[in-house]
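So the chains spell out like this:
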Amino acid sequence: MNRSSVDYGLRAGSRPVSIEKDYQRFRQIVKGKIRGDLRKFLTRGELLGKEGKHLISIPVRGIDLPHFRYGDNNDGGVGAGEAGVGDSVDAQGDGAGPGGTQPGAHILEVEVTLDELADILAEELKLPRIEPRGKHIITSHKERYSGLRQTGPESLRHFKRTFKHALRRQIMSGTYDPRSPRIVPIRRDRRYRSWKTVLKPQSNAVIVYMMDVSGSMGDEQKELVRLEAFWIDAWLQRNYEGLDSRYIVHDVRAQEVDRDTFYRLREDGGTKISSAFRLARHILDQHYQPDEWNIYLFHFSDGDNSSETDSRECCRLLREQLLPQVNLFGYCQVASAYGSGNFINVIHEHLEDCKNVVTSRVNNKDDIYDSLRTFFSQGM
Amino acid sequence: MSDNRLPPELTEYARTISEVARQVGLDFFETRFEVVDYDMLCQIAAYGGFPQRYPHWRFGMEYERLRKQHVYGLGRIYEMVINNDPCYAYLLSDNEMTDQKLVMAHVYAHCDFFKNNIWFSKTNRRMMDEFANHATRIRRHVDRQGFEPVERFIDVCVSLENLIDPHSMFMRREAADHPPASAAARRVAAEEQVVRYQTKPYLDRWINPPERIQKERQRLIESRKGEHHRLPAQPTRDVLQFLLRYAPLDDWEADVLSIVREEAYYYAPQGMTKIMNEGWATFWHSRLMTRHLLKDDELITYCDHHAGTLASAPGQLNPYKMGVEIFRDIEDRWNKGRFGKDYDECASMEKRRRWDTGLMQGLEKVFEVRRVYNDVTFIDDFLTEDLADRLRLYHYRYDPATRRMVVVDRDFAKIKQQILFALTNHGQPYIYVVDGNYRNRGELYLAHRHAGADLDIRFAVETLKNVQQIWRRPVHLQAQINDEMVLFSFDGQQSQQQKIHADLPKPAHTI
Chain L
1 MNRSSVDYGL
11 RAGSRPVSIE
21 KDYQRFRQIV
31 KGKIRGDLRK
41 FLTRGELLGK
51 EGKHLISIPV
61 RGIDLPHFRY
71 GDNNDGGVGA
81 GEAGVGDSVD
91 AQGDGAGPGG
101 TQPGAHILEV
111 EVTLDELADI
121 LAEELKLPRI
131 EPRGKHIITS
141 HKERYSGLRQ
151 TGPESLRHFK
161 RTFKHALRRQ
171 IMSGTYDPRS
181 PRIVPIRRDR
191 RYRSWKTVLK
201 PQSNAVIVYM
211 MDVSGSMGDE
221 QKELVRLEAF
231 WIDAWLQRNY
241 EGLDSRYIVH
251 DVRAQEVDRD
261 TFYRLREDGG
271 TKISSAFRLA
281 RHILDQHYQP
291 DEWNIYLFHF
301 SDGDNSSETD
311 SRECCRLLRE
321 QLLPQVNLFG
331 YCQVASAYGS
341 GNFINVIHEH
351 LEDCKNVVTS
361 RVNNKDDIYD
371 SLRTFFSQGM
Chain R
1001 MSDNRLPPEL
1011 TEYARTISEV
1021 ARQVGLDFFE
1031 TRFEVVDYDM
1041 LCQIAAYGGF
1051 PQRYPHWRFG
1061 MEYERLRKQH
1071 VYGLGRIYEM
1081 VINNDPCYAY
1091 LLSDNEMTDQ
1101 KLVMAHVYAH
1111 CDFFKNNIWF
1121 SKTNRRMMDE
1131 FANHATRIRR
1141 HVDRQGFEPV
1151 ERFIDVCVSL
1161 ENLIDPHSMF
1171 MRREAADHPP
1181 ASAAARRVAA
1191 EEQVVRYQTK
1201 PYLDRWINPP
1211 ERIQKERQRL
1221 IESRKGEHHR
1231 LPAQPTRDVL
1241 QFLLRYAPLD
1251 DWEADVLSIV
1261 REEAYYYAPQ
1271 GMTKIMNEGW
1281 ATFWHSRLMT
1291 RHLLKDDELI
1301 TYCDHHAGTL
1311 ASAPGQLNPY
1321 KMGVEIFRDI
1331 EDRWNKGRFG
1341 KDYDECASME
1351 KRRRWDTGLM
1361 QGLEKVFEVR
1371 RVYNDVTFID
1381 DFLTEDLADR
1391 LRLYHYRYDP
1401 ATRRMVVVDR
1411 DFAKIKQQIL
1421 FALTNHGQPY
1431 IYVVDGNYRN
1441 RGELYLAHRH
1451 AGADLDIRFA
1461 VETLKNVQQI
1471 WRRPVHLQAQ
1481 INDEMVLFSF
1491 DGQQSQQQKI
1501 HADLPKPAHT
1511 I
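Chains as they are written, first to last, in this note's numbering: chain L, 1 to 380; chain R, 1001 to 1511.
Bear in mind the hints are in silico, worked out from the structure with no lab data behind them. Some clues are possibly wrong.
[Stated by the list, open to error] Pairs of lysine-lysine residues, derived as PhoX-like cross-links and limited to a Cα-Cα distance of at most 25 Å, are as follows:
(1) K33/L to K1068/R
(2) K1341/R to K1414/R
(3) K31/L to K1465/R
(4) K1506/R to K1465/R
(5) K31/L to K126/L
(6) K1365/R to K1115/R
(7) K33/L to K21/L
(8) K21/L to K1068/R
(9) K1321/R to K1341/R
(10) K1068/R to K31/L
(11) K21/L to K31/L
(12) K1336/R to K1351/R
(13) K1365/R to K1341/R
(14) K1465/R to K33/L
(15) K1274/R to K1365/R
[Claimed, not checked] Taking CB as the label site, the calculated pair distances span:
(16) K1295/R to G174/L: 50 to 56 Å
(17) D260/L to S1495/R: 56 to 62 Å
(18) G86/L to M1485/R: 35 to 41 Å
(19) I56/L to E1019/R: 52 to 58 Å
(20) G81/L to E1019/R: 36 to 42 Å
[Stated by the list, open to error] Take a look, some chain L residues computed to stay more than 10 Å from chain R by CB distance:
(21) Q28
(22) R35
(23) R69
(24) D119
(25) N342
Glycine is no exception: its CB is placed at the ideal position from the N, C-alpha and C atoms.
Could you build all of it, start to finish, from the sequences and the hints given here?
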């Protein structure tokens, strides 16, 4: 091998330009495909319970380029080993049928985070970024190691600096011998890391979910609420660093419950929506100062309030006590076989002039898409 | 960019190993090793082994797949070799030294295979430069045409990349493609093909009676009539070549298509010799390692990793295992003279087991095999019943009752047929252009030659749309689906399929 050929090798046989661009383009295409199928993903129950940074495996159709190829004729193949006749050779062993049962479904599993999915959702629904209310920004405290000082606990000792100082001192005092470079730090040489407290602005939000669990709300309705609430969570999580969720269920009385109970609880009896609003009022007063928190209220119901009086009472509560403090009050009315579904009309009638009241109707899973758009299209 | 020169230790190993390899008879291009980390190796592997490729998202997709495979511990690339002169090979930086030795020995055998196997003889040995040129050309088209049109067109071309004829590299079919155009030339051509038996002049009248000659000549001219109107003259499997020549493509489109085609031809021999190539490399790395290179303290690591490469998952054939076992079997049989009529017809198991004529031509034979065989002929000639039995091969198929793939039997004939089918044409269907001017309307007529398995309909319909993108006029695909001949058509707007019946116009050729 002569010299020049070595040089040539180093140039020609070197590293890839970078696959990064192709990779980004691939991700872009994947996101495009997901966007196309977004309505479908919105109604996928199995996403529930995922958190923002978690990876979600999503099957994406039709990314791979089609070729002329054989279909699966279930003709099997050849393997090697000690297997006896009748033994299964499925690699996964999960009993799933071979490709032959679903011809041509060339599906690629890609992974995205829920945050990415929320972004795609926002892009597709043309949702504006939510602007946190200006004065409600609170600051969080963080410690950052940034400097040095001469005292401190041994666990924070900065070895390199300590030795440097020792070396400097020894050279200055003429005790350093290059032929036998022995450096002995003394007390004065020691340096320790020190920290500063950094104030970081952080916008926090709290969502108060309220749900009507009276007799007329069945499992189907609950499922709609679950899905809707999941995506509300996902989108708000994307917009705020700190997100609290509180859950209230009510029939004629309201009580605060945890997330699980919220989705599972089933009661009988009448409906008194005002009870929920009162409890929400109470929770907010106790824990969430409106000048520190961005507050979101969502109420899910089939709209069948027990009395006209109570409906009016609700509107009064909202207008006088809740609405001035919250970013958004969303009322989502799910269709139900029972009940008049009149509450949405009452709200329209009484609170038409309030900008932070948004209502939507969800009759089936497909409506979730539009409902989300209605709630967040103003960027509040 | 970090320095990619080999650490001195590896340089020393490379020198030793290449010397040993040459001593045992391997003959390879100069081989350059580079040490890269895993991420880089994944990038290179995603680019098909080359540091420079044209921009396309599918490389990004492949990269993600490989990287994930690594992260989840599902598979590991130890090495990459490129068929090029000089040969380039990439070593993984976090391999142990024992691995690096094993990989180097493996690589030299691959290089030997690239250089000497006949199916590689027509591949471009300056492909490293060629791929870089392709990248430049496509980037230039992107600059002029915009990113998306070029990307879309690459998608279309790549979708058709398997429509090539790997044997065409060895044929000169230009002449056959263009039958003589003039009537006179046709007569001369016919004259040449009339059968005349050799005889003494005085017997000629009776042996080759003029009436017969005349009739034959007439028949040939008749049958040739209209042949020059046919396009193509013969059914052709090189669909891409046909499209390049006759489809109304812009210059840049033709260039993109020719690039995709050229790269497909470059990779074709590797698809045709997967088992042999890996078998050959494994055969030699194990031989070189165990006989020449291993140090005592490396033995366990070597055995562990060697066994790892030879492991088979249920329901899968490991090409390394299959290949190396066959090569070893060939060596053994030709050392002991266990082939030929006498051996094949010997019924006594006892005698067969002791059979040894002391022929000792094993090594000679394996070198010959690596020169002239490809996977199909390799399996066909050398996968014997004894060997299939020793490898414990079995045949499995889908069992509707349990909805699982289950082992059916160990019937040798079926096993062999199954393997050969999977290997023939690299497991791809045979698609021919049979008419480039169907119904005299400039429509393209493709046909699938049925060889036991149906085409996947959904894929076929989608792919046909891509053919139409290039051909621009309506396109058709004839295929046998569930024992019926079906014609799939796409005219740029609508897909349709119909059973082929007698009233349908016939294409220029039948398959």
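Hints versus structure:
1. K33/L to K1068/R: Roughly 21 Å between the alpha carbons, so the hint for K33/L and K1068/R holds.
2. K1341/R to K1414/R: holds (24 Å)
3. K31/L to K1465/R: holds (24 Å)
4. K1506/R to K1465/R: Within the cut-off at roughly 22 Å; holds.
5. K31/L to K126/L: holds (15 Å)
6. K1365/R to K1115/R: holds (18 Å)
7. K33/L to K21/L: holds (18 Å)
8. K21/L to K1068/R: OK: K21/L and K1068/R at ~18 Å, within 25 Å.
9. K1321/R to K1341/R: Violated - the C-alpha atoms of K1341/R and K1321/R are around 28 Å apart, more than 25 Å.
10. K1068/R to K31/L: This hinted pair holds, its Cα atoms lying about 19 Å apart.
11. K21/L to K31/L: It holds: about 15 Å lies between the C-alpha atoms, which stays within 25 Å.
12. K1336/R to K1351/R: Given pair K1336/R, K1351/R holds - Cα atoms ~13 Å apart, limit 25 Å.
13. K1365/R to K1341/R: holds (18 Å)
14. K1465/R to K33/L: Roughly 19 Å between the alpha carbons, so the hint for K1465/R and K33/L holds.
15. K1274/R to K1365/R: holds (19 Å)
16. K1295/R to G174/L: 50 to 56 Å: Since the Cβ atoms of K1295/R and G174/L sit about 52 Å apart, the hinted range of 50 to 56 Å holds.
17. D260/L to S1495/R: 56 to 62 Å: violated (49 Å)
18. G86/L to M1485/R: 35 to 41 Å: holds (37 Å)
19. I56/L to E1019/R: 52 to 58 Å: holds (54 Å)
20. G81/L to E1019/R: 36 to 42 Å: Check passed, 39 Å falls within 36 to 42 Å.
21. Q28: violated (8 Å)
22. R35: holds (16 Å)
23. R69: violated (5 Å)
24. D119: holds (19 Å)
25. N342: holds (50 Å)
Going through the hint list in order, the structure does not satisfy hints 9, 17, 21 and 23.
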